Each structure stands twice: as C-alpha cells, then as structure tokens.
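A.B. asks: Each chain, letter by letter, is given below.
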Amino acid sequence: MLTIKNLHVKLEDEDKQILRGIDLTVPAGEVHAVMGPNGSGKSTLSYVLAGRGGYEVTEGEAHLGDVDLLDIEPEERAAAGLFLAFQYPVEIPGVGNMTFLRTAVNAQRKARGEEELSAGEFLKVIRAKAKDLKIDAEMLKRPVNVGFSGGEKKRNEILQMAMLEPKMCILDETDSGLDVDAMKLVSEGVNALRDPNRGFLVITHYQRLLDHIKPDVVHIMAGGRIIKSGGPELAIEVEVNGYADILEGTS
Amino acid sequence: MVVDARKITTDERLAALTLPSGGGWLGAARKNALGRLQAVGLPTRRDEYWRYTNPAPFNRATPAQGAGGPGEDPFAGMDAYVITIDGDALDLPDGAPDGVEINTLSQAAEADIHWARDLYATLEAAGSRPVSRPFAMLNSAFATGGLAIRVTGPVARPIHIRTIGGTDPILHHLIKVDADASVTVLESGSAGARSNIVTEVDVADTAAFHHIRMQGPDATQQIDTHLFARLGRRATFKSFTLSANVQLTRNEAILEIVGDDASAHVGGAAFGRGDFHHDDTVFVTHGALNGESRQVFKKVLRDGATGVFQGKILVREGAQKTDGYQISQALLLDDDAQFLAKPELEIYADDVACSHGSTTGAIDETALFYLRSRGVPKRVATDLLVLSFMAEAVEEIADEDLRAHIGAVLADWLSRH
Chain A
7 MLTIKNLHVK
17 LEDEDKQILR
27 GIDLTVPAGE
37 VHAVMGPNGS
47 GKSTLSYVLA
57 GRGGYEVTEG
67 EAHLGDVDLL
77 DIEPEERAAA
87 GLFLAFQYPV
97 EIPGVGNMTF
107 LRTAVNAQRK
117 ARGEEELSAG
127 EFLKVIRAKA
137 KDLKIDAEML
147 KRPVNVGFSG
157 GEKKRNEILQ
167 MAMLEPKMCI
177 LDETDSGLDV
187 DAMKLVSEGV
197 NALRDPNRGF
207 LVITHYQRLL
217 DHIKPDVVHI
227 MAGGRIIKSG
237 GPELAIEVEV
247 NGYADILEGT
257 S
Chain B
5 MVVDARKITT
15 DERLAALTLP
25 SGGGWLGAAR
35 KNALGRLQAV
45 GLPTRRDEYW
55 RYTNPAPFNR
65 ATPAQGAGGP
75 GEDPFAGMDA
85 YVITIDGDAL
95 DLPDGAPDGV
105 EINTLSQAAE
115 ADIHWARDLY
125 ATLEAAGSRP
135 VSRPFAMLNS
145 AFATGGLAIR
155 VTGPVARPIH
165 IRTIGGTDPI
175 LHHLIKVDAD
185 ASVTVLESGS
195 AGARSNIVTE
205 VDVADTAAFH
215 HIRMQGPDAT
225 QQIDTHLFAR
235 LGRRATFKSF
245 TLSANVQLTR
255 NEAILEIVGD
265 DASAHVGGAA
275 FGRGDFHHDD
285 TVFVTHGALN
295 GESRQVFKKV
305 LRDGATGVFQ
315 GKILVREGAQ
325 KTDGYQISQA
335 LLLDDDAQFL
345 AKPELEIYAD
355 DVACSHGSTT
365 GAIDETALFY
375 LRSRGVPKRV
385 ATDLLVLSFM
395 AEAVEEIADE
405 DLRAHIGAVL
415 ADWLSRH
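Chains as they are written, first to last, in the numbering used here: chain A, 7 to 257; chain B, 5 to 421.
These aren't lab readings, by the way, just hints derived from the structure by calculation. Remember, it's a predicted structure, so these values are computed and weren't measured experimentally. Yeah, the Cβ is synthetic: ideal placement off N, Cα and C, and Gly gets one too. A hint or two may mislead.
If you want a taste of the chain A side facing chain B, the calculated C-beta under 10 Å gives, among others [as the list claims (entries may be wrong)]:
| hint | residue |
| --- | --- |
| 1 | G57 |
| 2 | V111 |
| 3 | E245 |
Straight-line distance between alpha carbons at most 27 Å, and here's what the computed DSSO-like set of lysine-lysine pairs gives [claimed, not checked]:
| hint | chain 1 | residue 1 | chain 2 | residue 2 |
| --- | --- | --- | --- | --- |
| 4 | A | K147 | A | K116 |
| 5 | A | K190 | A | K147 |
| 6 | B | K325 | B | K242 |
| 7 | B | K382 | A | K147 |
| 8 | A | K173 | A | K234 |
| 9 | B | K325 | A | K16 |
| 10 | A | K130 | A | K116 |
| 11 | A | K159 | A | K140 |
| 12 | A | K159 | A | K220 |
| 13 | A | K159 | A | K137 |
| 14 | B | K242 | B | K382 |
| 15 | A | K116 | B | K346 |
| 16 | B | K382 | A | K173 |
| 17 | A | K135 | A | K173 |
| 18 | A | K159 | B | K382 |
Whole structure, please, built from the sequences with the hints as guidance.
C.D. replies: This is the structure:
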C-alpha cells in the first residue's frame, strides 16, 4: 500500500537534514506504529507524505499503490487515498464544519470521476458516523474546530477520516492532549475503520495509544532513520526502558 | 499667473453639468449646495482624505468609459418590494408594504413634503464639517433623481432599490424612520459607468434602520457613495456593503449619534483583483450618552489591487459611556496588492471605551495545507479561507436569513471572480 524508499528530506530554507534515508512499507490491512524521541523526524515524515510546503526531498521516493506521492499536489494525494490526521487540527472561523466536510468529500469524488453526493445523501452518512464518535449536530454546525476541546478536535479528525474513507491513514500523535476516555473513543473510531484494504501509520510518543490501536509492526525512529522494527512487544520495551537502550543498542 | 488646479477642475466639471429645473425648496437647496461646492472646490490628492484615493476619475467632466450592463440581481428570489431606477426613469410599482410612504425626489419637491425638505442636504451639510465632502455637495446640487422614503411603522418586507442603466447618474435618497418604526433597505445594481449616490437617513428615537448594499461584480464601474445618518435616542443603524471587483469605489459613511443609548454599526466586505481600488471612509460622531458604535471592514486583494480604510471615531465632550470599536483588516493574496489604513480616534470625554485595530496579512499556509490535505483544491481552499476571513464582517448583518443569503452570494461571486 504505502512504500517509502531511502527518503531523504531537508528543510527548504535551511541546510538542515531531517530525514536521512527512511525505508518503510505498510501493506494493506496492517497497522504500523512509528515511535521515537522528540526531534527524530516522525512528524516531518507525515507532513512530507501529505505534501506540506517547507520541505525539500533530496533523495528517495514514496508511493501509495502505483501513485508517486512526491510528484503531486496535497489535494491529489488526498484524492489518491492518503489521509493525515493532524496533531494540531487547524481552526477555521466562519466556515461550518459540515460545509468543509461536504466540500472535501465532493472534491475528492469529483477528482476520482465519481458522482458528487447530494446534500441529503451527505447528511444521512455524516449523521450516522458522527453519532458513533459522539459528535452532536451542534458540533457539525460550528465553524471548523473553533472552540472545540482537544478531544473534540481529534474526534473531528477521525470523523473526517471516516467520511473520506482513505486507503492509507497517517495519524500524527493523535493521542496528544487526550484524556483516557477521549483516547478510548478516538481509538474505537480508528479501529472501526480497520479494513483488509486499508493501511495505517500511527505516529506516537507513547505506548498507551497502542494498547487501544493494536499495531502489527512497530518501528523506532531516531535521527531521521528507522533504527529498529519489530512486533508489538517493541512498544512495550520502549514503555519500560525508554528509548535510551534501543538507541545505544544500535549505535 | 498662478494656476489654481482645483478651480480649473471644479469649473470644468461644473460647466458640464446643468442645475435641474424646478423651484421650491429643492431648487433653493440645490443652489445652496452649489454655493458650498464652489467655496471648497473639488478635491485633489493633496487633500488629507484623498491622499490614498485619486479623485481624478470622479473629477472628470465625463466618465472615462461607457456604461456596463445592468448586472445580475444579487437579491433575486428574495421577497422584497423592488424599485428599479433605470437611468432617469423611476417608476414606483404598486404593492408597497405597509408602514412606508414612498415618493420620488421630484414628487417630494412638487408636493412640498416638509420632512423631505427638512432632511435634504441637511445631514450632508452637517457631515461636511470639519471635513468637506465635495462630491456629496455636487450630488445635492445636481441630483437627477432619487427617492423619499418615510417609514411610519415596522415594515415587514425589505425595500430593494435596484439602480441600473444611465451613464453618469447622480442620485439622492432621503429616508426618515419615525419613532418605533423599522425598515430594511437593500441596494443593488450597476448604474452607469460612474455613479454618485448620496443617502441621508434620519433614524428617530427607538427606530431601526437596516441597510445591505451590494456593489458589483462589475469590473468597469466607478462608484462614489455617501451615507449620512443621524441617530436619535435608542435608535439602531446597521449598514453592510459587499463589493466585488468594482474598478473604483469610494464609500463614505458619516454617522452622528445625537440621542442617548443609540447604536451605529457600519461594515463591509470587499474583494478585487488587478485594477481595483476600494476605499471605505467612515466618520462616526458620538454626541450623546452611552452610545455604541462598530466599524468592521474586511478586504481581500490580489494582483495589484488596492484597499483603503480611513475610519474615525469622534467622541464629543459629555458623550460619556461611549463604546466605540473599529477594525479594518486586509488579506493580501499576493505581494503586489496593498492596503492603506488610517484609523483615528478623537476623544473629548473621560469615561469612554474606544478601540481600533488594523491588520494586513497573507493567507494562513497551515490552514491552506489543512484544507488541501482533505482533498480541497487550492483555488477552492483559498476561497474558503477568504470566506473565513470575511465572516466577522458578514456577521454584522443582524437578520439571519439575509446573513445566510449574503454569505451564499459572497461564496458564489468568489467562485466566479
């Protein structure tokens, strides 16, 4: 599903190398977790895949299926089936959440040559999905993320994911700023979307999110590289011993 | 010999105009206005309030270009009483709503309607001190048409003044809202290549006046408007203007609060590209206790477009507990566009709260990326962020249905221009 080969990335305006040769493959139906200390390049990886400006790919490639991600605009990546749940979802005053979501869903459908959803059809679908995430009608009407609590913002990200039905979901520190109940709710939302045809890349500092969203593979990232990969037990090792042992073991 | 450019310009402009015939109070008011205009002359760029906007296109004896088409009706489908002014032709259709008496300006003069006599050029003359407003004076002298609207009770349906046709119309409207009466006036249309419209509004004690004006979307027009208002005790005045792609616009609002506990709001949202110049010049005077005023203006500019905001709040001695607010913001979508803002506060009372702010910024790249990452194409994402930016100004429209309608027109215009 997602194939990253020897990806090197630096900041566009500075001579600062952030990713130094990432190799990563996430097959359809699998959940891969990326863990690592601050500054290891985890968020950069998610931004570069989604197409955020400010970065320069100096070497390597990234494909979603047959699609060369690095060659196309962010909206084209989304239409190709990539979704990034933001660590800090952006507030957009004056634009209703529902309007935003309908614009996004229909833009993607249009880009894929599918028929756009009518207002009625859209409403029916979103109501059902919002209910599962305990998002009420009021939250759908409010401007995008404005006045939302941390938990509401993350639930709103998952709602967008559920509506857009991507092939590949990247979750960037979705657990940050969540209390235990909110984390459970968000995780249930994610788990409901697990599917043999869908891949997940879950970026997190902490193992606790992985108690709820059980990964198939765990990668440890440091210094812009993946330094170790293993099963779910690797996350537990990090939880118990921290990153120091792993970093030492590989250096 | 010293050549006085101002006098030459004024003489040339006046030579191309004819004082409309007809005596009575209107004739006297016209002569008075002409005298005042001749005393001050037409503006030049050296004048304090014309520094950012070149008055030359308004000074020309004839407009630089031909008239455009009538344009689309942004209030189409709305249940309103529509009065169409087509050049000099003005017909008052049957079916005016209850609570309102409408005459044409010439009818009001012929029938010697006293309230119209008392209002005509009165607020204009008062509003020309301390800053002279020569194009308003010119309007009072040479207005070729207009409406005299007396509101005597709550008017259920909005009154829509739709101005189309003509080449260089000069229109002067009078609106008097009696105590406890209320009305919503809508304005639209692209009249002529150049238009000069003055509206004088007298809002009596406890009366309410709501005004929504749509300018554009027409790239060839030059528009000069003045909106004068006087507010009595507990009176409400709310005016909002949406402008799109009009080549040159100067919208002046001169509001004076004379009764206690009155509320005056004026706002606007404007967007344009290229050869687009949009100027909001506002003067709010607080002359009574516990007055509240708001000025909220947003402009979105690209491809070399220019935005101007000159806003003043004057709080007279004794106008205690005044609450004045003013914000002007521009969103520049590229490096060529510019926004010039001159906020002013002049306060002679010691127990007041007045604030003003002005910002100029670019599009929020993080927000743009967020929208695009959801599959929204860049152009549409930019439009959504423009709508987001303008939302605070559109929120100024009190009526929920009208607010939604204007929001939809704005989104539609944005997607097409």
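A.B. asks: Now look at each hint and say whether the structure bears it out.
C.D. replies: Hint check:
About 7 Å separates the beta-carbon of G57(A) from the nearest beta-carbon of chain B, less than 10 Å, and the hint is met. Taken as an interface hint, V111(A) checks out: its beta carbon lies about 8 Å from the nearest beta carbon of chain B, inside 10 Å. Because the closest C-beta pair between E245(A) and chain B is about 31 Å apart, greater than 10 Å, the hint is violated. For a cut-off of 27 Å, the pair hint linking K147(A) to K116(A) stands: about 24 Å separates their Cα positions.
This hinted pair checks out: K190(A) and K147(A) have alpha carbons roughly 24 Å apart, not beyond 27 Å. Distance check on the hinted pair: K325(B) and K242(B) sit about 20 Å apart at the alpha-carbon level, within 27 Å; holds. The straight-line distance between the Cα atoms of K382(B) and K147(A) is roughly 23 Å, inside the 27 Å bound, and the hint therefore holds. For the proposed pair K173(A) and K234(A), the alpha carbon gap of about 25 Å is at most 27 Å, so the pair holds.
As the CA atoms of K325(B) and K16(A) are separated by approximately 57 Å, the hinted pair breaks the 27 Å bound. Between K130(A) and K116(A) the CA atoms are separated by roughly 20 Å; this keeps the pair inside 27 Å, and the hint holds. With a CA separation close to 12 Å, the supplied pair K159(A) and K140(A) stays within the 27 Å bound. Annotation: proposed proximity of K159(A) to K220(A) holds, straight-line Cα distance about 22 Å (limit 27 Å).
Our distance criterion of 27 Å between C-alpha atoms is met by K159(A) and K137(A), whose separation comes to about 15 Å. Simply put, K242(B) and K382(B) have alpha-carbon atoms about 35 Å apart, too far for the 27 Å limit, and the pair is violated. The suggested pairing of K116(A) with K346(B) is violated, with an alpha-carbon distance near 45 Å, which exceeds 27 Å. For the hint pairing K382(B) with K173(A), the CA-to-CA distance comes to about 22 Å; that is within 27 Å, so the pair holds.
Under the criterion of a C-alpha separation no larger than 27 Å, the hint pairing K135(A) with K173(A) is consistent with the structure, at around 18 Å. Between the alpha carbons of K159(A) and K382(B) the distance comes to roughly 23 Å, so the proposed pair stays at or under 27 Å and holds.
When each numbered hint is compared with the structure, violations occur for hints 3, 9, 14, 15.
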